[in-house]
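Chemist: Read off the chains here:
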Amino acid sequence: MTSWRLPCTLLLAWALSVAALAQDQNAELNPQQAQRYHSLIQELRCLVCQNQSIADSNAPLANDLRDQVRAQILAGRSDAEIKTYVTDRYGDFVLYRPPVKATTLLLWGGPVFLLLIAAMVAVLHLRRARHAPSAARADPAALKKLLDEQP
Amino acid sequence: MRYLIPVALLAGLLLLFAAGLKNDPREIPSPLIGKSVPAFALNKLGGGERLTEADLRGRPLLVNFFASWCAGCQVEHPLLMRLAQQGVEIIGMDYKDAPADAAQWLQRHGNPYRLVIADEAGRAGLDFGVYGVPETFVLDAQGFIVHKHVGPVTETAWLEDIAPKLGFKTP
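The listed protein sequences correspond, in order, to chains A and B.
Its first residue numbered 1, the first sequence is counted upward by one per residue in the numbering used here.
Its first residue numbered 1, the second sequence is counted upward by one per residue in the numbering used here.
For reference, chain B alone in the conformation it holds in the complex (with noise of 0.2 Å):
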């Protein structure tokens, strides 16, 4: 009996470290879910055309941080291509990247953006939160984040926590 509230303890130090676990301890919290999508004004790649934020708005789509350079964005790559062949809208940050070599890799692998947007030295990064590269944003009809996923893109990802918030019906 004298060892009951020692044992309880221990119980529910166990089982809130089981509960840690599960989770990332690198991964960060945004806190521009619920915010409006944040504003910036770069050039398309490979255009001249300037877009602003305001093309972000009026219909739900993602908006994925990416580069020529980083290897996991290798790795949601084709899972991205299928995702534009289902018709979901992507829109590409070439993210701290020199233009020719982005072209270049989309050109071998392929693209799956509607727009790619160059966001040659970071800003629109920092005006994001964007903290490494491959990142994926919801963002809804009306141009406010919904979700963020750190990291490549994985199915499970995409079919538990991106499609739902996307309004996406999946297949």
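Here chain A stands alone, though its shape is the one from the complex (with noise of 0.2 Å):
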């Protein structure tokens, strides 16, 4: 073998075997499997910037759920196992669907209660109006006496 020879097979053997143990160490997440993780990122509040989303915030504590979810889905769990595991440590808030429980009750039923009263107080409004006197049903010969003695 020639001089370069030998050392090239060398370097292009270990940079194979260090490829081999990244790839074992940060296996790649398969279509399904991504697809899963950027929908449940969307779905987790970071709490540091409480407006955003782990997936958009940079905050250190984002970075770290979103290792763990990834982590969680390449381990096998369900997404509602992940969302229990975030949701044990963290409360309800950080999931940004707030799930429907005896607590959360008012929160999804308020604004469609506050509409169902909005619509009956419309509703009587207009009746009363309907069955007001109008001008039309008052006698129109006394109306235009009175309009008549107008100084």
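Bear in mind the hints are in silico, worked out from the structure with no lab data behind them.
Glycine included, each C-beta is placed from N, C-alpha and C at the ideal position.
A portion of the hints provided could be inaccurate.
Here are the in silico distance ranges between beta carbons for each label pair [what the hints assert, rightly or not]:
# : chain 1 : residue 1 : chain 2 : residue 2 : range
1 : B       : Glu49     : A       : Asp88     : 25 to 31 Å
2 : B       : Gly47     : A       : Asp88     : 30 to 36 Å
3 : A       : Ala34     : B       : Gly58     : 55 to 61 Å
4 : A       : Glu81     : B       : Gly58     : 29 to 35 Å
5 : B       : Leu10     : A       : Asn51     : 25 to 31 Å
6 : B       : Gly47     : A       : Phe113    : 46 to 52 Å
7 : B       : Ala8      : A       : Val112    : 21 to 27 Å
Fit chain to chain and form the complex, with the hints in mind.
Modeler: Shown next as structure tokens:
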């Protein structure tokens, strides 16, 4: 072998082994997993910048949580299990879509309830307005007399 | 008379708002209250000793998450020093910090902790539901979390919330 072939071969072998090792420690998500990952990280709130999801936030905590979600998807956990993991530690506020529970019934039902009240008030108001005596029902002759008397 | 219902509703709403103004909208209540201290296995700061949640059971104590890079931690530090002198047991959790930096910080400002645990990667922080530093947890003798204080511990918070939960008789 000429002098450069052995080093090159060794270098190639080393590079391939490093790549193989990196692959194990930082396994890629398959397309379905990647979709789950992106969907989940958009549903979880960053608790440091509380108006951003962990997908959008650059905070270290968001980074940590993204890593956790990724690791758990790779470990075979379901979406529900991952969400439970996060809410067990941070509470329901970490979910962008609050669960429907006894404590959140007011949150979910409130707007609908208010809309119903507004609708009822509107209907009652319209009904009352319709039944009120209108000017046309007043006596036209008496009305004319009053108008003619105006100085 | 016809204004009675709207005015009553307005009054009710204003009372609700007034009560709400006292709350900090950024503060998140912890779901860990009433639960047992989360499991962890981390090294003592500076030493090779491995510590777990079992070391936090057996007596009421405070677990204080802090870091050398945290400004709020400097704010509460004098109070923590005073409490330690009064006999309050405070366990320090050094959160996402280089151990060398933490050791230097404690050297410079003083060490109120009975024990400092190095949570370099922040895994214990994640399990405790920490979203910022400083945060202080009150543990009872059985190792159950009975209270969480977010942000620097103030004199008022100590006297009104933390000390009673800890069962500490303030002088």
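Chemist: Of all the hints given earlier, name the ones this structure violates by number, lowest first.
Modeler: 3 and 6
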